[in-house]
Amino acid sequence: MRKIMYREAISEALREEMARDENVFVLGEDVGRFGGVFQSTARLWETFGPSRVMDTPISEQAIVGAALGAALAGLRPVAEIMFVDFTGLAMDQIANQCAKFHFMTGGQAVVPVVIKTQGGVGIGDAAQHSQSLEAWHTHVPGLKVVMPSTPYDAKGLLKASIREDNPVVFIEHKLLYQTVGPVPDEEYTIPLGKADIKREGRDVTIITWSKMVLDCLEASARLEKDSIDAEVVDLRTLAPLDLETIVRSVEKTGKVVIVHEACKTGGFGAEIAARIVENAFDYLDAPIKRVAAVDTPIPYAAPLYRAVIPDPEKIVRGVKELF
Amino acid sequence: MQTSKETKLDLYRVMLRIRAFEEQGFESFRKGLTHGVLHLYVGEEAVAAGAIHDLRKDDYITSTHRGHGHLIAKGADLGRMAAELHGKETGYCRGRGGSMHIADLSLGILGANGIVGAGVPIAVGAGLASKYKGLDRVVLCFFGDGTIATGAFHEALNMASIWKLPVVFVCENNLYGISVSIKKACALDTLAGRSAAYGIPGVCVDGNDVLAVREAANQAVDRARKGDGPTFLECRTYRWYGHFTADDGKYRPDEEVRYWKEQRDPIKNFAAHLRDTKEAAQEDLDRIHQEVNQEIESAFRFAQDSPPADVSEMLKGVYHRAAGL
Numbered sequence: 002m003r004k005i006m007y008r009e010a011i012s013e014a015l016r017e018e019m020a021r022d023e024n025v026f027v028l029g030e031d032v033g034r035f036g037g038v039f040q041s042t043a044r045l046w047e048t049f050g051p052s053r054v055m056d057t058p059i060s061e062q063a064i065v066g067a068a069l070g071a072a073l074a075g076l077r078p079v080a081e082i083m084f085v086d087f088t089g090l091a092m093d094q095i096a097n098q099c100a101k102f103h104f105m106t107g108g109q110a111v112v113p114v115v116i117k118t119q120g121g122v123g124i125g126d127a128a129q130h131s132q133s134l135e136a137w138h139t140h141v142p143g144l145k146v147v148m149p150s151t152p153y154d155a156k157g158l159l160k161a162s163i164r165e166d167n168p169v170v171f172i173e174h175k176l177l178y179q180t181v182g183p184v185p186d187e188e189y190t191i192p193l194g195k196a197d198i199k200r201e202g203r204d205v206t207i208i209t210w211s212k213m214v215l216d217c218l219e220a221s222a223r224l225e226k227d228s229i230d231a232e233v234v235d236l237r238t239l240a241p242l243d244l245e246t247i248v249r250s251v252e253k254t255g256k257v258v259i260v261h262e263a264c265k266t267g268g269f270g271a272e273i274a275a276r277i278v279e280n281a282f283d284y285l286d287a288p289i290k291r292v293a294a295v296d297t298p299i300p301y302a303a304p305l306y307r308a309v310i311p312d313p314e315k316i317v318r319g320v321k322e323l324f
Numbered sequence: 373m374q375t376s377k378e379t380k381l382d383l384y385r386v387m388l389r390i391r392a393f394e395e396q397g398f399e400s401f402r403k404g405l406t407h408g409v410l411h412l413y414v415g416e417e418a419v420a421a422g423a424i425h426d427l428r429k430d431d432y433i434t435s436t437h438r439g440h441g442h443l444i445a446k447g448a449d450l451g452r453m454a455a456e457l458h459g460k461e462t463g464y465c466r467g468r469g470g471s472m473h474i475a476d477l478s479l480g481i482l483g484a485n486g487i488v489g490a491g492v493p494i495a496v497g498a499g500l501a502s503k504y505k506g507l508d509r510v511v512l513c514f515f516g517d518g519t520i521a522t523g524a525f526h527e528a529l530n531m532a533s534i535w536k537l538p539v540v541f542v543c544e545n546n547l548y549g550i551s552v553s554i555k556k557a558c559a560l561d562t563l564a565g566r567s568a569a570y571g572i573p574g575v576c577v578d579g580n581d582v583l584a585v586r587e588a589a590n591q592a593v594d595r596a597r598k599g600d601g602p603t604f605l606e607c608r609t610y611r612w613y614g615h616f617t618a619d620d621g622k623y624r625p626d627e628e629v630r631y632w633k634e635q636r637d638p639i640k641n642f643a644a645h646l647r648d649t650k651e652a653a654q655e656d657l658d659r660i661h662q663e664v665n666q667e668i669e670s671a672f673r674f675a676q677d678s679p680p681a682d683v684s685e686m687l688k689g690v691y692h693r694a695a696g697l
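Chains as they are written, first to last, in the working numbering: chain U, 2 to 324; chain D, 373 to 697.
Hints listed in this document are in silico derivations from the structure and should not be mistaken for laboratory results. Some hints here could point you the wrong way.
To be verified - In silico SDA-like cross-links for lysine to any residue, where the CA-CA straight-line distance does not exceed 20 Å:
| no. | chain 1 | residue 1 | chain 2 | residue 2 |
| --- | --- | --- | --- | --- |
| 1 | D | K688 | U | G194 |
| 2 | D | K505 | U | R21 |
| 3 | U | K253 | U | D286 |
| 4 | D | K503 | U | W46 |
| 5 | D | K403 | D | K688 |
| 6 | D | K688 | U | V141 |
| 7 | U | K4 | U | G194 |
Said to hold, decoys possible - Distance ranges between label pairs, derived from CB positions:
| no. | chain 1 | residue 1 | chain 2 | residue 2 | range |
| --- | --- | --- | --- | --- | --- |
| 8 | D | L687 | U | R34 | 44 to 50 Å |
| 9 | U | D22 | D | N641 | 33 to 39 Å |
| 10 | D | I550 | U | P304 | 20 to 26 Å |
| 11 | U | Y189 | D | L687 | 57 to 63 Å |
| 12 | D | L687 | U | P183 | 36 to 42 Å |
| 13 | D | G621 | U | R307 | 56 to 62 Å |
No experiment lies behind these values; they were computed from the predicted model shown. All C-beta atoms, glycine included, are put in the ideal place defined by N, C-alpha and C.
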């Protein structure tokens, strides 16, 4: 199978969906000729022109609001918010408008809007360009939240998100754009709400998503040397949550480590831990462990930010605490 | 602009319908038949009636927390509106939305909205869709004077202007944002002056003169429909009641309220115009009044007789085509 980069998988998904359905269009800051600051909309402008790959002013609220209005009038917008840190600027339109319109109108309004954004710690982007804010969005009923870790998942999930008739917050990771992975030539989609077991194991369930999947896989390889066989569950979609896959894995291993790049307090890991306690408590033979970022703004200097976010070493340590 | 007698009588009827709906809504609220809050449109009827009268069915409107008037003028079903206030299953939103979220997508009503300013970017998006699809649908975007201080307003007007979208921004300047006078919230004498910053024409009209509103709105709509871009239309008006049902509006001078109610009542003054021009006798106006009262009575009876909102159905409404949570 051919191998392509995560960002290429994303632009390919957009390209295919735009070719398939003329109602699909992209709007956002620098998405046009420039191709996006992470090049995830590269060369779409050349193919589809400025009316379908729309450069907007720096107006996050109006980007999402216009996407909603366009969706109510029959289009299927992909609204890019350059950094998930900037979704705060658009939060009324995301949380009060997009998320609630279908419900508030008694089911009349259909809101096929993808809010495409990216987050996570990169290489020194500091406190306002490095956050993992998925929990803000999972806390709002009406939104779906997708966080792919591989080129294959990114393409299939983005295509499914564009075809979805509900608002989707699609969060890429800035350190994944240049990662490479197998993506078939043939068309495919991946349904939202299905986790993927990226590594099967018997001894411990590591539940994670986005870039931390890679760190957990590396940690699992190291743990294998210590005869700990870890299962890595990549949630891929946080809302809706694939609780069934989680419970099945916990039943098998009896031990759970939740790993996320977001800070620990109020992170989505807390929700998963609670769900496991509610639904799979009897399978547990150890306390649930969370490996998450320290509760601090993301610092600038490399030694500082490395101290804040999880890495394979910290994940290995966290897992070993259960053995 | 010449206005036919039929059009004038229709404008009169729409204004009466709005006022009667609001008065009956307030009455139902006082009796405890509805709850939540109502933001009554009484006093501002000429804006909705005049601006919306000549819109096509497939044109869009976005509305506000004070939205009943816009919805009625766009042709929303009075019974389903009343049922929504009563939290009934037959309401426009099946009891999930209430007064501030009534929408009728089939009539191009993209929703009242509980967040000040939020409808403005949504209107821009609907205008974008119209242009994108090569259609000539126009969007009338209603908002109050309070909205012009929001970021959403600024972002949206700029976007509509640079993309030359078919949106008419109708600012209902009722002089107060809840309790704060517009003079304390905006340094301009005329809110329409804001439009210059976006390269959009700005027009200010007497919002209590239904014919003036209609003429100005129609010019702006024609301009938008031709592809010449947005217009900002400020309509000066006044709300008779407080901001919402629990607000007695005492922050406004008594003589000011009295002036607007007694001398600037858009309905009473238009009735006088119709009599002066001999386009209607008092009996004609009385007959319209009776017909409207019957409509309102039957709408609210429908609401009261309808079944309550269905709890078992509610969870299916969070996501489109969701089987449950």
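(request) Could you see if the CB distance from I550 (chain D) to P304 (chain U) stays within 20 to 26 Å? (result) Given a distance of about 51 Å, which is not inside 20 to 26 Å, the answer is violated.
(message) K688 (chain D) and G194 (chain U) were given as a pair; does the straight-line alpha-carbon distance stay at or below 20 Å?
(response) Measuring from Cα to Cα gives roughly 17 Å; hence the hint holds.
(request) Can you let me know if the beta-carbon spacing of Y189 (chain U) and L687 (chain D) is within 57 to 63 Å? (result) violated (31 Å)
(request) Below or equal to 20 Å on CA atoms is what counts here, so check K688 (chain D) against V141 (chain U). (result) The hint holds at about 16 Å.
(request) Below or equal to 20 Å on CA atoms is what counts here, so check K503 (chain D) against W46 (chain U). (result) holds (18 Å)
(request) Take the C-alpha atoms of K505 (chain D) and R21 (chain U), compute the straight-line distance between them, and say whether it is at most 20 Å. (result) Status holds; Cα separation ~16 Å.
(request) Would you check the hint for K4 (chain U) and G194 (chain U), treating anything up to 20 Å between C-alpha atoms as holding? (result) Cα-Cα ~25 Å, so violated.
(request) Starting from K253 (chain U), check that the Cα of D286 (chain U) is at most 20 Å away, please. (result) Distance of about 11 Å is within 20 Å: holds.
(request) For the pair supplied as a hint, K403 (chain D) and K688 (chain D), confirm whether the alpha-carbon distance does not exceed 20 Å. (result) Not satisfied, since the Cα-Cα distance of roughly 32 Å exceeds 20 Å.
(request) Could you tell me whether the CB distance from L687 (chain D) to P183 (chain U) stays inside 36 to 42 Å? (result) For L687 (chain D) and P183 (chain U) the Cβ distance comes to about 39 Å; the hint holds.
(request) Take a look at whether the Cβ-Cβ distance between D22 (chain U) and N641 (chain D) falls inside 33 to 39 Å. (result) Violated, since D22 (chain U) and N641 (chain D) (Cβ atoms, about 52 Å apart) do not stay within the stated range.
(request) Given the hint of 44 to 50 Å, check if L687 (chain D) and R34 (chain U) actually sit that far apart at their C-beta atoms. (result) holds (45 Å)
Hints 5, 7, 9, 10, 11 from the list above are not met by this structure, while the remaining hints are.
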